Amino acid sequence: MRVAERVEDIVTSGLCTGCGMCESLLGSDTLRMDLSPEGFMRPRQIRTLSKADEGAVMQACAGHRQVGPEPVGIEPHRMFGSCLHLAKGHATAPDMRFEGATGGVLTAVAAFLVEEKLVDAIIQIGASDSDPFANEVRFNTTREEIVASAGSRYGPVAPLTQVHAALDSGKRFAFIGKPCDVATLRNLAKTDPRVDRQIPYMLAMFCGGSPSVSATHNVVRRFGEDPREIAEFRYRGRGWPGPTFVRTRKGTVHRQSYDDTWFGDLTFELMFRCKICADGLGEHADLVGGDCWVMEDGKPSHREMGDGWNIVIGRTTRGAELAAKAVEAGYLHEEPFTIAEFEKMHDDHALKKRSVFWRLLALTATRQPRPRYERLRVAEAGWRNASWRERWAAFQGTFLRSVAGRNRESGIGSGSFVLEETRNDIEKPARGGEPHAA
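Under our numbering, the first residue of the sequence shown is numbered 1, with each subsequent residue one higher.
Accuracy of the hints is not assured; some may be wrong.
[Unchecked claim] Calculated lysine-lysine pairs in the PhoX-like style (CA-CA distance at most 25 Å, straight line):
| hint | residue 1 | residue 2 |
| --- | --- | --- |
| 1 | LYS51 | LYS275 |
| 2 | LYS88 | LYS325 |
| 3 | LYS299 | LYS88 |
| 4 | LYS344 | LYS299 |
Since the hints were made in silico from the structure, they are not lab data.
Given the structure is predicted, the values throughout are model-derived calculations rather than measurements.
Required output: the full structure, derived from the provided sequences and hints.
What follows is the structure in structure tokens.
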């Protein structure tokens with residue numbers, strides 16, 4: 001097993017999650033997050049890294065090491081991890097439920113934390129005011145700001161670039177992000193005790209992977225529009241799951257379904273790191289929210305349902321108590337939900353967990369670096385629960401990808417990154433028909 005030990009190796013091997021912790025640790029005069037030629041957020045080297053710089057980043061980087069949570073007194077589910085609290089629910093405020101990607105649970109909990117003065121602000125992501133495709137880190141302190149940041153933002157973002165600045169302020173924050181972002185914060189907490197003191201609540205959403213910005217541009221091109229002429233872009237929200245919404249500067253509006261977007265553009269342009277992810281369900285978080293799909297003919301339905309519902313998971317005692325307090329205060333409505341329902345509804349996440357061991361084995365066979373996973377039941381899920389067909393598909397796909405070098409990315413060398421499609425100065429055509437598997 002070979003684990004990457006340098007930032008350059010993390011990036012070039014496709015192991016970087018794009019979180020921005022390295023910039024936060026070393027400063028933007030050393031590493032600066034920027035869009036890479038592949039369309040992902042990656043660190044760009046401003047000055048040469050010292051051995052001490054490399055060591056500091058490796059201690060926090062989830063591309064190097066990801067350690068699951070300590071036991072919380074119950075046996076973790078073999079696929080989904082510890083669920084001290086499990087329910088289905090939604091925000092009671094109609095605007096939060098409508099604007100959110102699902103039922104608005106994380107939005108409602110964030111508002112509860114701020115309005116009850118349990119934290120000073122929420123660190124979360126919102127759409128950029130200047131670029132409809134870009135995302136930016138926000139420190140929200142009001143209900144209105146939190147609602148304005150609701151909804152899914154499938155695409156590059158570096159939510160942890162300002163974590164050390166936040167800690168230096170002495171204020172208390174809650175964090176909302178992807179599972180890998182929370183895992184990186186947990187790594188940082190092992191060397192910086194301020195994390196546990198000043199970020200008492202870490203919230204995560206279910207994550208199916210992060211696509212490149214090029215994938216978003218391709219969504220626009222399929223409508224026959226130029227990405228440079230878009231005024232507003234929204235993947236989800238304003239309904240459940242909510243249509244992908246595009247509005248041009250001239251006022252032309254386009255919409256398409258969740259399935260057409262996710263399975264037509266995004267799935268095949270995910271980061272390689274997402275394909276070997278051992279935790280898409282936020283096992284490191286205190287509280288997690290995800291889609292509580294309506295089941296039709298034994299399968300989750302993604303058709304428009306109107307008012308959304310979340311699965312609500314309290315991973316820690318603190319998270320379970322937070323959910324209960326938000327219900328008591330009237331911010332959340334919850335109803336019973338069972339593990340059996342969870343298993344049927346999100347077997348896609350279970351399949352990924354079952355496949356990770358075999359994908360990592362393929363990286364080992366091709367002498368490629370891989371992350372070190374601990375306490376995430378990767379080997380157990382792969383050996384005990386994966387079928388031979390699942391094992392072979394996962395191993396073969398990653399083996400062929402690795403041999404062909406399709407897990408590799410550009411390095412962190414000095415100089416400005418330029419997105420591939422811009423560098424070529426060629427307008428890529430809309431992709432029609434079935435997308436090819438990356």
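Results for each hint:
no., hint, result
1, LYS51 x LYS275, "30 Å, violated"
2, LYS88 x LYS325, "15 Å, holds"
3, LYS299 x LYS88, "17 Å, holds"
4, LYS344 x LYS299, "8 Å, holds"
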